[in-house]
Structure formats: C-alpha cells, structure tokens
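Trainee: Residue numbers (our numbering), protein chains in the order written: chain A, 1 to 422; chain B, 1001 to 1422.
Hints are computed from structural coordinates only; laboratory data are not their basis.
Small disclaimer: the values here were computed from a predicted structure and weren't measured.
Among the hints, a few may not be true.
[What the hints assert, rightly or not] Below, computed lysine-lysine pairings styled on DSS-like, alpha-carbon distance capped at 25 Å: (1) B:K1323 <-> A:K310; (2) A:K30 <-> B:K1106; (3) B:K1106 <-> B:K1173; (4) B:K1061 <-> B:K1106; (5) A:K323 <-> A:K54; (6) B:K1293 <-> A:K136; (7) A:K30 <-> A:K61; (8) B:K1074 <-> A:K93; (9) A:K411 <-> A:K54; (10) B:K1293 <-> B:K1054; (11) A:K318 <-> B:K1106; (12) B:K1074 <-> A:K136; (13) B:K1032 <-> A:K74.
[To be verified] Facing chain A, from chain B, some residues (calculated, C-beta under 7 Å): (14) L1308; (15) N1309; (16) G1311; (17) S1339; (18) A1350; (19) Y1404; (20) V1406; (21) N1410.
C-beta: ideal position from N, C-alpha, C; glycine also.
Protein chains: 2
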Amino acid sequence: MAPEKKATLLIKNIGQLITMEGPVPRIGDKMKEIDLIENGGVAIAGDEILAVGKSDETAGKISLAEGCKVIDAKKCVVTPGFIDPHTHPVFSKTRHDEFEMRLLGKTYQEIAAAGGGIRASVRDLRETSVPILTEKTTHRLDMMLASGSTTIEAKSGYGLSTESEIKSLEILKNISDTHPIEIIPTFLGAHEVPDEYRENRAKYIDLLIKEMIPTIAEKKLAEFCDIFCEDGVFSIRESRKIMQAALDNGLKLKFHADELTHSGGAELAAEMGAISADHLVYISNEGIQAMAKSGTVAVLLPGTSFSLNKGYYAPARKMIENKVVVAISTDCNPGSSYSESLQMMITLAALHYKMTAAEAISAVTVNAACAVDRANRLGQLRVSRPADIIIWNMLDYRELPYHYGVNLVNKVIKKGKVVYGQ
Amino acid sequence: MAPEKKATLLIKNIGQLITMEGPVPRIGDKMKEIDLIENGGVAIAGDEILAVGKSDETAGKISLAEGCKVIDAKKCVVTPGFIDPHTHPVFSKTRHDEFEMRLLGKTYQEIAAAGGGIRASVRDLRETSVPILTEKTTHRLDMMLASGSTTIEAKSGYGLSTESEIKSLEILKNISDTHPIEIIPTFLGAHEVPDEYRENRAKYIDLLIKEMIPTIAEKKLAEFCDIFCEDGVFSIRESRKIMQAALDNGLKLKFHADELTHSGGAELAAEMGAISADHLVYISNEGIQAMAKSGTVAVLLPGTSFSLNKGYYAPARKMIENKVVVAISTDCNPGSSYSESLQMMITLAALHYKMTAAEAISAVTVNAACAVDRANRLGQLRVSRPADIIIWNMLDYRELPYHYGVNLVNKVIKKGKVVYGQ
C-alpha cells in the first residue's frame, strides 16, 4: 500500500477558486462557463495537487505534512497558472526605434530599408554572446512568471542558420533546467529567408529540410516546428514542403498564418493536422471552417494588432461562434509586440475581441494547454495535476480585463513551489 | 557659513540620465526635446538633489556622508519621478460588471438603469467604513508608486454630501501623512448631482457653494476644486457659479471639460484661469486657442478613451501644434479607467495620440508638474529640488511606450529614500 500523501502547501480562504475543471477544450458557448468554487481551498503535496474543493472540506479531507506552509488567500481569486502559447523571447536588442518610426507614419518598407524588421533581430542574435542572450531571455521569463505565466511556448527564429538556431534553442534548454517557467521549445528556422540566401531562397529551404530540421529533431531541441506562412515570406507550396519535413522528423506543427494578408495558411495548418495556427488576422471563412473541423487551435495575438496599431484584429467572435478552439498569447517579441503579460492580453481581448473575462481565462488556461499539446496535464486545477497556480490581488475574476496595465498577481506557484511573491 | 552638504545617496553609472532641466512648461516642438546626460550620476543629500551630471564629475564634486548608499544603475535610464495629475483613488467596490456590460454592447443609459455609473460609487463610498476605504486607497497608491508615480493629484467626488466629501479628503490627508506618495487633494463635490437632489439640483448647487466649498476650504482639505462640466451634469452657467465660489474661497481650479460632447468647458476653464482642464476629447478649436492663450494645462487621459473603447481620443497633436501645455494622467477610477500606471498611459499616448517617448515623458514630468501647480518644485532633476527619482530596467528611454503592459521600474526614490524596489 502506497503511503498516504500529505499536504506540503495549503491555500485556504479562496474567495473564487477557478478550477477550469470542465470540458477541454472550451468550444463555443462553453468558453463562457467558468468553474468556480466559492470559499475554496487547494492542498498540494510536493509538486502535485492533492485536493481541490470548499476550503473547510479540503482541509478536513487531507493530513498536513510537518512544516506544511499555509497561505491565506484573503478571499481573493485563485486560478490555474497561465500558459503563454506563442513567444519569441530569445533576443538582445530592443527595437524601440521601429515603434517610434511606425507612430510617425513610416511604412514597413521604410523601416526595413533603414535596417529594421526581423532581419535586425537576426543580426543581433548572431552577434550576441550566449551569456548575454541568456541573461536577457531569463529577465523576460522572470517578468512572464511575475505576470502569472507558469508555462510558455518559446521559439527560435532569429538565427536562421543551423548554428544560431541551435544556439537559441540551447539557450532555452539551459534556462529551462533552472528557471521555474516550463518552456516548450519550437523551431522557427522558417521565420524569414536570411540575407545570405535572399537571391537563392530554394537553397535556404533545402537547408531547412535537409539539415536544420533533422539536426534539431535529432538533438531533441524542439517539440514543435513553426513557419511564417505568408505571401512574400514562405508561400503555401513552400510551407507544405517544409512542414512535411518537420512531420517526417517527428516534430509537431504550428503556423504563423494569415497575419498580414489572407494567404490560406489556416487551411494548410488544418490540412496538415497542425496543433495550432497563430495570428489569423485575415483568416477566411474557409479557414475558420477547416480549423473547427481539424481541431487546430487558433492562437490569437491581440497585443500584436494593438502594438502595430493598424486597427485590424483577428475575428475572434466569429471563430468562437464557429467552434474553433481559441487561445490567447502575448507574441512577446522585439518587433511587433514587446510584452510579457497575458493580463494585458486579456484586457485587449476584452476590448478588441469582445471576449468576456471567462472566455479570456479559458483562452489562457485550458485552450492554451491545447495549443501546446498539454491538455491532459496543464490548464486545470485537478487532483494529481501539476500544482501550477496563481493567487491574485482581486476579489472577482472579472477584474482581470477591467483593471489594466498593472500586475494583479499576488503569488505564483509552479509545481508546488511559491516562485513569485513570497 | 553653512556646513557642506554631504551625499547620503549616490546613483552612478546611469546610461541615460533624463533631467528635464530645460524649459518649463514644454510647449509645441519643445516637448520633443529630451535633456539627456549619458553616463550620468545623481547625488542626493537627505531629501534633496545635491548634484546632477556626468557620473565621474558628480562623484568628484561632492563628498560622501558616512554610510552613503551607492546604487549602480547598470547603464539603465533614470528619470524624474512621474506626476499623475488626475486620479480618483478613494473607493471600495470595483465596477468590473459595467466593463463587461459595455463590451457586450450595453449603453451608458442601460448601465445607469442597472444601478451603475458614478452613483454606484457614491453609494459604495457612503456605506464603506474609513478603515476599509483607507486600506483600499493605500493599496492603489502602493501600485502607483511601484509604477513610478511619486506625486499624484487625488480627488474626492464619490461622497456628494458634506460629510462624505470630508470623509474622502480626510482619508487622503491621513494616508498622505505616512505614505511615500505626495498627494495633492482636490475637492470634486461637483462630480454629479446625488440621488437625493435629482429633483432639486439648484439646492445641491446651493449646498456646494454655501456649505461644502467654504467648509473644505476652511479645513484646508483641498488645494483645488474640480467640476464635471458637461451637458447633463453641470452646465456652463452652473459651472461658472460654482467655480467662482471656489475661487472666492481660495481654491485653485480644475475642470472635467469636453469629455462626452463639446460643451465649452475648455473655454470656461481658460476664462476662469483654471490651472488645468482635463479629458478634452471633444475640445473645439476655440477651446484650444483659449487654453493656449491662458496657459491652462490640458490633462489628457488616454486610458479613459481606451477603456471605454468608443474609438475617440483627444486631439493631442492639434493641441501640441497650437502650443497648449499637454500633460497625461491615468484618470485612475472605478468606472471609466481602472489603472494606476502612467507607463500604460505612455504606451496609449504613443499609439493613439502619436506622441513620441520624449513628448510623453514631458507630459508626465514637467508638464504634469504645471498641471498641479508645482512647476517650481517637481518634474525635473536639478540641484536643491526634491530627490524624486525613478531608476528603470531599460537601457533607452524610448523603450517606455514600446515595451508595454509590464512594470519597467527598477527602483523608486521619493525625497531621497528608496521607497520601491529595495
């Protein structure tokens, strides 16, 4: 008989305990449902959840280990740790100059001509040492954690050479070994065609397929392969070829799709069984139908539309109505959206996607777990699941979108340990 | 001969020391100028600035007191402490339900009919005990301080009775005695006509003029008097009468003007020599000319337009071009803009007002000092001024609008003491 598990951490007096225990993914009207226990309590044994329920009952059902830490939530809200399913955190230089150029009316072409865009970050990443990149990336992850993200997907894609793509992914792997945030790595060598292949893109695609993807897969440096599928970057035909190589090498798929124009990326992602298709500002009705059918998660990035300030936002409500699985992410990157905070994204999703607080919470917990293929492990507060938990400084979960631009987190718990807000 | 002042705190190795030492206020193109010392240093003696300059020179010119604390800014940015010139922080209940009703398409009238709006906060304030209001207000001030605001203007206006307006202002006074934030109190009894006077507004105006204003002035509970001058709230005629009483009682003037429609509030504010007119979403060309002429500061509240999400923003560029003194504020309040962060407002000012980082910094330092009639004391890093200073986690001040939704503050210093980020 296994020894009885004892609680090492107890959170009591929770005003609203949001468990998200219901259906996964949350589709259509189900996104509006919030699984809420008033006067709740959560008991944790080691890195797992031991009990979830009414505060009194939870305390009564379990026994406490010696030295069990007890946290009084003071009637505040507790939710699952947030999952950020689309980030580009490995870079050194900020690109604040491009932000200012944009607000002064410069076009994408003018900014690129002045040396800006993804290629600026590629030069930066290649030139910058591993210790500096590690320090800067770690600082960003610290800020994500402080904002409530306990798991993130993180992409390479500013290297665009075998060596520097490996460098990015190894930095993520090394940080992952010690940082509380759980990192799910994605290879994004197909983010752009680098300068040295501008005149011979076929050769770069060859490099991706024959060298980069097999090497990354063999070294187990990435779980996903992503691509910027867009007219002028990688076409549908090129994307199909590259992503087939990724599948052949055992990588799961994500797509940057329909971000700048409708190019059919959503349809291709659905056709190829991608786990997610992201951005989708210009998704077509056919794309929406295809994603609903395939179950490919739509990862929406409201901060990118906000920060680029063009006035176009992904048709989130249409996707929800058509039963697409919708998640939300920061897109944290030095060009189009430099923010580590999913709280900020929840406010933007409310204002610009017209998503309620409950829908937005679904989108950064259970549905975001689906977007990183962790639906069976993350995004819910349930017995035996990892104890990834946020204790908030608010009495009602609907304060999340409304009270904006500040950090409402009180404490973050990752795998049973308080990692922010001691 | 006075004894030589010795440094009690030294900040060295500042990558960009933003002193804002130039002209005050910053008008027109002057707003674009940033006073920046590379490799700067600041020495502080007690609560005042002792020296400002190049890091090496500053250190060479002064002598250090025993136990002088030295902070290495690690090449980061240092600015004056921010000044938030328009806040409503004294309330208990959040109004997150109204935020959600708005995004679901409910009108202002429907929300009011459901018990929402300013009158909901009036019921809340009257019912809530002083200790609870004090605790909640203090928490908001802690968040403002953490975001870099070292001075705020704070209004009453959810009491709307002599007793409860005094209660609000006394809460601010008591917090001010111990909290690091400097609070400049404003009486806003003319925020709305309370329920009990809906059928007899003349009687409420009489109460304002004959009882509330003289009592508040006599008790020295407020430095400013503010009014919601708007069709349907207080008309131009009523506003002139009420604000004349404020002037007669020695209070300085602020106006909520042209927020929902063009009602001529800006013109009246200018005519009456108000220190500031705030909101100004619907200001007329005549209003702009009048304010430029009178020197009345335009306090713009981008968060209110953002949070209400109607798509209308104050014509900031037009005001800047026409030489109006422009400041920015959070409007922190439970209805139309619940945010404590001027950093967030700087991002919104960039995206929606097209203000550069330099202009926005002018707007929350020197020009915000003008908006609270403290131009000679606050908003600049100069010898003998109060040592109100922000040390940032960024290498370039232009990161401020661009890196959004998170707190970029490393440390906040108020009157020479590190009060956030030890």
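Trainee: Which numbered hints does this structure break?
Mentor: When the structure is compared with the hints, numbers 1, 3, 4, 5, 6, 7, 10, 13, 14, 16 and 21 turn out to be violated.
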